[in-house]
Amino acid sequence: MSIFERPFMTSWLVLALSLVLASARGPVVVHGDEIDFTQDVRPILAENCFACHGPDEGAREARLRLDTKEGLEERLGSYHLLLAGNPEESELYLRLTEQDVDYRMPPRESGKELDETQIDVLRRWIEEGAEWEPHWAYTSFREVIPPGDAASKENLIDGFVERRLKREGFSIAAPADRRTLLRRVSIDLVGMTPSVLELERFLADDQPGAYERAVDLLLESTAYAEHQARRWLDLARYADSHGFTIDGRRSMWPYRDWVVTAIAEDLPFDEFTRQQLAGDLNDSPTRDQLIATGFHRNTQINAEGGAKDEENRVNAVIDRVDTTGSVWLGSSITCARCHTHKYDPVSQTEYFQMFAFFNQTEDGGVSSEPSLMVPTEDRVAELEAYEEADLALGTALREAGQAAGWTAWIPSKATGSNGPELRIEQDSSIRSIGQNPVTSVYVLEGRPPLVGARVLRLEALPHLDLPGHGPGRSGSGNFVLSRLRLFLRRAGEAEYEERQFTASSSSYSQGLGPEGGSHYPVAGALSDESGSGWAVSPRFGRPHVAHFELAEALPEGDWEMRLELHQDHGGHHVLGCFRVAFKEEAEAALVPGAWEEAWNAWVSHKQSAPRLPSTLILRERGVKRPNRVFERGDFLQPRESVEPGVPLAMQSFEIDHPLKTRLDLANWLVDPRNALVHRVTVNREWQHFFGLGLVETEADFGVRGAQPSHPELLEWLAQSFVQSGFSRKSLHRSIVTSATYRQSSDRRPDLDELDPRGRWLGRQQRLRVDAEVIRDSALRASGQLSSKVGGPPVQPPQPEGVFDFTQSRKSWKASEGEDRFRRTMYTRLWRSSTYPFLTTFDAPVASSTCTRRGRSNTALQALTLANDPMMIEIARALGERLRTSPGDDEQRLELAFELCLARESAPRELEVLVAHLEDLRRIHREQDPEDQLREKRVWAAIARVLINLDEFVTRS
Amino acid sequence: MQSEAREDSLQLRRREFLKLGGLGLGTMAMHQLISGKSWAGVGAGLHHAAQARRVIFLHMAGAPSQFELFEHKEALQKFDGQAPPPGLIEGKRFAFIDPRLSRLMGSQRAFARHGECGAPVSELLPHTAAIVDKLCFLRGLSTNEINHGPAKLFMNTGFGQFGRPSLGSWVQYGIGSESEDLPGFVVLQSGNRGPRGGSPLWGNGFLSPRYQGTPLRSGPEPVLHLRTPEGISEEEQREFFKTVGGLNRLRYEALEDETIAARMASYELAARMQSSAPELVDVSSEPESVRELYGIEGERPSFARNCLLARRLVERGVRFVQLYHADWDHHGDGNNNLGAPLEARCREVDRASAALVLDLERQGLLEDTLVIWGGEFGRTPMSEVRVAVGRDHHIDAFTMWMAGGGVKPGFSFGVTDDIGYSVVDEAVHVHDLHATILHLLGIDHERLTFRSQGRDFRLTDVHGRVVREILT
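If you're matching them up, the sequences are chains A and B in order.
Its first residue numbered -10, the first sequence is counted upward by one per residue in the numbering used here.
Its first residue numbered 1166, the second sequence is counted upward by one per residue in the numbering used here.
Same shape as in the complex, but just chain A (with noise of 0.2 Å):
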């Protein structure tokens, strides 16, 4: 239906109509006074109109557009879609009020209606002079004062929140007691109850200063450097493991322990970003930059039999795309892929826009390279000495190889049939890489590199990277070339003509040497013959070579040769590396000797590479890829190129210079002007603690996304964050040191009726906590916590069968000793079978990037804690401290408490325990009088109760 097709009924009806509606409609009261555009105006369009009158043209009705200034002011022939002051002569209004169900908007079919409210703010907005504002999210910074006395030193936070309460009627909450404080900030801060020790610190000091001294102790830990990473790594989706259905061992953990470490030295935000997107582009990148860069190497890789290595790699490049726009842009851009965005103004060709940052890496298919070898501090040396050895000989290898008196051919193009790619390497060898194709024809075209060369030498080179070290792609690392031809025109024409081989010679050919097997001699390549050619079996991992004569000599004069190498055997008996050079006249010797030299040099010298972990990185390859959009976002449908860039609706300051790499787009988003990324950092570290960011929804900051519940406070924030150089302890400290964060929890019946989710931060909220900080905390109640620091990650006990439900089953040998206890953010982590506690407890599988955990809850969650074995086994050694603390029994329960909930027992709770206790001594005494065991059965059993309670899962 489109509003240009619609009969116009006369123009006094449609007033008539429309002023009784109004009329019979009554006032409505909408928050303030007047009607905010942001506010009020754009949520209803969105949600209601942009569908067919947004951004995406291809799905825009009547050529209309509601989503700008310019198409909401278009004039619509004789009238107007909006005329400002005067709701009844503009059309949008009149079409929502529409009697006739066939004409009013939006559609019957569409599912959508306005409300009567929802109306009436069009109205009152149009009435009120219809101002535009662009999306509040990306605008650039506006100046905030803080409400209240900056100079007095109060957090400035806390004004902003004084505000909006005051405006409902309502003032901050009381602070939370001290017990409850600390435990709030220790579990939010480092991931786990408070020991002991600190809680007698902290109740000890009755100093003023007392809690931002705890703050600042519990800021410098190590242990606020792993939570804090822990959260990161849910964004950067990290695991141990390659995904799908194969999902093999990956080792990615340096990653993850630079994310540890960058956040101990409080690494500014800015340069964090940079080394995680960009750091292999810096001038000599460090290896603390190259690990960095793992950030986005935590992608899936398909291993299965008939994975296609594009498909895997561009699955990749859309993650990291869609990653960084959650992560750094607070928007799903992923829509954009198939279509231009619904809602957002972001295209599909901006979409691969962004794609063509990502989309010049080396890695993708199958492999996991590249990756980085990472010494530990004792090994350096050894690492040292090995790469400058390897510089060394390659350099020697390349050198042996460009032997004299042969004019090597660089062609200016090399494509191969059926998928693979064609690399020119610095020595002029040509590597198929990529798509390993079954049967394949190479095809090289340029200019001839000598006149009256009569000979054509093929090397057929040895790689490490091919099977059986080629330099065939075969499995054992053969190849057959069926066929040679070579063709020449003069430059400019348009055939070309074959020229002939005369004769072949080779250093080896199948079937011709002591070894036997079928021949395959290399006088098959120059001829038809079906089923011939030159085949190399079984002499794999080293150089071959044929030589072919010319019929003619190469002729003077400007001319294009194109030389074709068919490979039609079948079975990817393709090669992997081979060059191709001319000579005017052959010479006896193959291959040289040195060269075979320098090969078995490189050879032992890569075997002889030290055993040191390694970790996936991001290396930008040589030869650029073409830059496409693909349409509906299928890799096999590639349309018209774009260049590298960033969404125009996003960009809220100029940019000066084009954005050509992944450190341009870095340095772009990092910018200190680049509002919206800083506002969208900010909220999700306020969500961390508080449970809901001031945007609730932290992953979407676009039209359909809410609205800041305190839009000042956020944009002081952002720009707070900037002037602070970025630091995540500082924005820390000062949100966990306000009076927000310091209220009760308590719940507060008359706010709670007016604002039942919180937004307006009355009060705090209780939450249930991560999976991890559930077993951090038991184990550090327990004593049993390993304060061990990074490394490969750690195995604590699972179920049996776990894998029963997987293609491959995995090894899961429980660890022992000090590694059964360490921090839970260590455990390995399968994709296809994330360790079942935390999964249970709603860690994200790491399937993609995750802003914000659930906080369910399930009976299988019931079931783990009271059941699961591992937390049976904390619960013992929880229950062996309490029995063998001093006091009595009550001392030990207070013990207990103190432990596990950070407070003194209640009269009550405590008449419960120790009725407890007395039951399990008697059943204990009824199943077997004489058992020894006794205290520590009955301990644990009480150990295990208070790891139960609803309390302990949750913060309060």
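Since the hints were derived computationally from the structure, they do not count as laboratory data.
A quick note: this is a predicted structure, and the numbers were derived from the prediction, not measured.
There could be a bad hint or two in this list.
Said to hold, decoys possible - Okay, derived cross-link-like pairs now, BS3-like style, lysine-lysine, Cα gap no bigger than 27 Å in a straight line:
no.	chain 1	residue 1	chain 2	residue 2
1	A	K777	A	K799
2	A	K402	A	K649
3	A	K925	B	K1407
4	A	K613	A	K649
5	A	K572	A	K595
6	B	K1407	A	K297
Got chain A; can you put chain B on it based on the hints?
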């Protein structure tokens, strides 16, 4: 339906309940809230009247060959050994075979028409053949993904990568469960390994974990951590739950926070599951005749045993039961080809699949239980020859069958070309299959949405058509 609205509605109900009934935990209303039991009214459906109340999805993991089981093509037999028409393979994707070198291959098995409907079924599935008049064949299915992992995700979640809620989770989210003390979405597995893709196949994606599938494990502990830990007596376990409940109650009374009450209810459900789940998996209580019908031998885990468990689960109100049976990926390897390995797989599933339909019918459950049988895609009309004969992955046309709740019995839908390569009429895409399953359960696939990261997600994305032609 919006996520927050739904959550708010739960909150509200919880609140109302607490207001009305005080703290009478242990009553049904609270369990319904915690276990996700239906709140829309059973039978009425969420958006329209439901024809099915439960689903049992028998997933043949690895993708069985339709040409050896259900699709008999004269032309394919005739052109056996010849190259496929070039127009067909142009620009198409294959997992392993080189299409230009491939050859068409007629069915390796003898076919006959069965029942009144005359549906063709091969000699490999005699028990299925005997019940064709109860089945509805979909012969024109297609999917988007050509490898097992992504294709399984696509069949289960409507999307080829990790991260989306599974069909069973969407159903839970939409209409909850009718079970008081069992999870509403249960997963069973048989064969020599789990399905490729693992837990994301029954994951909750961005929905609440309360909607995720619960794998029923073989052995004495069918649900993870169901067993009272070693060294703890049943009496102590009872006292444990009582004490935890008592302390939580004190805390609730002090703070009046409803989330504490909800956790108490979770612990009560957990305690009840401890007794109900072992009873469920104890099939020894079934008459010998029933065990024989399914072909259950001894106590070892098997597809047959899982089919019987599926019936026992739906009997107890479980909404969605997903079975996986592994190893249908018959490319032509020694262990995976259209010879003995295919025969073995058919022997493992044929009798039990048919028994499940018959048993459900006998129990009066078939009329509102939907049974679905099939793989994540089909196999090529061309052969794949390795050490033995097989077929490659094929996504353009394959066959599944459905039975029971709301689908036409003895019916066939979907027409493929002469060699079974492409669908020429009555096409059903996986999105359409999903739309139809939801429709049968009383759910409009376009209106069952959840907002995550700024977008309203659906099981069927922006696709899906209810295949009304197959509905009764």
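Are any of the numbered hints broken by this structure? If so, which, sorted upward? Of the numbered hints, 5, 6 do not hold.
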